[in-house]
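Enquirer: Sequence:
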Amino acid sequence: MNVVNGIENYNATSNSILTIGTFDGVHLGHQKIINSLVAIAERQKLQANILTFFPHPRMVLQKETNLKLIDTLKEKQNLLSELGIDNLIIQPFSKEFSKLTAIEFTRDILVNKLGISSLMIGYDHRFGKNREASVEDLIVYGKTYNFEVIVIPAQEVSSLTVSSTKVREAIKKSDFKKVSRFLGRYYELTGKVIKGDGLGRTMQFPTANIEIEETYKLIPSKGVYLVKIYFEGNEFSGMMNIGNRPTINGFDQTIEIHVFDINENLYGKNLKVSLIKKIRDEKKFDSLTTLKNQLIKDEEICKRTLAEQREK
37 MNVVNGIENY
47 NATSNSILTI
57 GTFDGVHLGH
67 QKIINSLVAI
77 AERQKLQANI
87 LTFFPHPRMV
97 LQKETNLKLI
107 DTLKEKQNLL
117 SELGIDNLII
127 QPFSKEFSKL
137 TAIEFTRDIL
147 VNKLGISSLM
157 IGYDHRFGKN
167 REASVEDLIV
177 YGKTYNFEVI
187 VIPAQEVSSL
197 TVSSTKVREA
207 IKKSDFKKVS
217 RFLGRYYELT
227 GKVIKGDGLG
237 RTMQFPTANI
247 EIEETYKLIP
257 SKGVYLVKIY
267 FEGNEFSGMM
277 NIGNRPTING
287 FDQTIEIHVF
297 DINENLYGKN
307 LKVSLIKKIR
317 DEKKFDSLTT
327 LKNQLIKDEE
337 ICKRTLAEQR
347 EK
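Quick note on this note's numbering: the sequence shown kicks off at 37 and runs consecutively.
Just so you know, the hints here were simulated from the structure itself, not pulled from any lab data.
Quick reminder that beta carbons are idealized off the backbone N, C-alpha and C, glycines included.
Where hints are given, some of them may not hold.
Using C-beta positions, here's what the derived DEER-type ranges look like [said to hold, decoys possible]: (1) Q80 / Y303: 20 to 26 Å; (2) G42 / I248: 47 to 53 Å; (3) A190 / A343: 42 to 48 Å; (4) E268 / S134: 39 to 45 Å; (5) R346 / K305: 34 to 40 Å; (6) N102 / E318: 30 to 36 Å; (7) T137 / N182: 16 to 22 Å; (8) E268 / Q289: 22 to 28 Å; (9) E300 / G42: 38 to 44 Å; (10) T180 / P91: 28 to 34 Å.
Once the Cα atoms are required to be at most 27 Å apart in a straight line, the calculated BS3-like pairs of lysine-lysine come out as [unchecked claim]: (11) K231 / K253; (12) K228 / K165; (13) K253 / K319.
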């Protein structure tokens with residue numbers, strides 16, 4: 037998959053079919069649409085292209101600074117690359133861009149710059165300045181500028197029973213069984229291991245602290261989680277704590293991962309962490325000894341859960 041940063045950097049070398057969206061989460065609904073797009077592209081010998089926006093338009097137009105996204109931009113790129121897309125065009129979203137009229141967006145962007153032959157779009161899609169135009173307007177423009185509009189009907193959209201909003205709600209409620217069902221995969225965090233204070237090692241529970249640079253990434257609630265950890269082509273199981281470490285009167289939130297059955301220094305490595313299940317909420321203990329005893333119990337619960345999953 038070719039990633040193009042900015043519409044102005046895309047060079048249309050062949051005809052294409054395009055779909056447009058933020059695709060936050062790349063959930064099963066998104067995957068169904070994209071699979072249809074790729075199938076049509078292969079059948080008609082077209083390029084399969086996606087136009088997406090960053091930042092999320094709601095962050096710019098509605099100033100929703102508290103909106104958190106399911107995927108970082110890099111995570112979304114990786115997920116989309118697995119679906120057979122030819123070109124992912126990432127357009128920086130701004131108030132200026134949002135002021136393009138429907139006809140300007142269609143003529144100047146879709147036709148003259150992106151060179152589309154077909155456009156796949158949801159039945160309720162609206163576009164242009166102040167969301168002035170509808171799918172019916174697009175169909176008229178298509179006849180004028182010689183491109184086909186493929187409309188995803190209402191019944192197909194409603195049958196998916198999944199949306200990015202529903203995924204976010206399930207993550208916030210720590211319902212990771214539902215999250216996995218919506219996404220078709222585990223929810224993931226990715227980050228680089230940074231130096232911690234070494235407290236975990238003194239309790240025989242060494243941890244890797246990961247830093248997630250993207251402040252817009254949705255971080256699950258505080259607590260202990262059963263996780264899988266991936267780095268350098270290896271997969272391990274472990275447990276992760278998200279929180280402020282109240283037992284030692286911590287202030288900043290940290291994400292600490294204890295990897296089972298290895299004693300390797302992970303400092304500086306990039307980790308991908310899949311969340312399988314929340315074990316318990318964060319709790320303040322009266323001593324480090326009490327905390328260590330709880331961590332022993334947490335590890336036992338995690339390993340027992342893994343064993344039960346393998347038996348199913």
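Enquirer: The structure should be examined with respect to each hint, and the outcome stated for every one.
Expert: We went through each hint and held it up to the structure:
Roughly 50 Å separates the CB atoms of Q80 and Y303, a value that falls outside the hinted 20 to 26 Å. Between G42 and I248, the C-beta spacing of about 25 Å breaks the proposed range 47 to 53 Å. The supplied range of 42 to 48 Å is met by A190 and A343, whose beta-carbon atoms lie about 45 Å from each other. The supplied range of 39 to 45 Å is met by E268 and S134, whose beta-carbon atoms lie about 42 Å from each other.
Under the hint 34 to 40 Å, the C-beta atoms of R346 and K305, about 26 Å apart, miss the expected range. The hinted window of 30 to 36 Å between N102 and E318 is violated, with their beta carbons roughly 21 Å apart. Between T137 and N182 the beta carbon distance is about 20 Å. The supplied range of 16 to 22 Å therefore holds. Checking the proposed 22 to 28 Å range against E268 and Q289 shows it holds: the Cβ atoms sit about 27 Å from each other.
Against the hinted window of 38 to 44 Å, the Cβ-Cβ separation of E300 and G42 comes to about 40 Å, which satisfies the hint. A beta carbon spacing of about 32 Å between T180 and P91 agrees with the range 28 to 34 Å that was offered as a hint. The straight-line distance between the Cα atoms of K231 and K253 is roughly 21 Å, inside the 27 Å bound, and the hint therefore holds. Of the pairs offered as hints, the one joining K228 and K165 is violated, with about 40 Å between alpha carbons and a cut-off of 27 Å exceeded.
Of the supplied pair hints, the one linking K253 and K319 holds, its CA atoms being roughly 24 Å apart against a limit of 27 Å.
In the structure shown, a violation is registered for the earlier hints numbered 1, 2, 5, 6 and 12, in ascending order.
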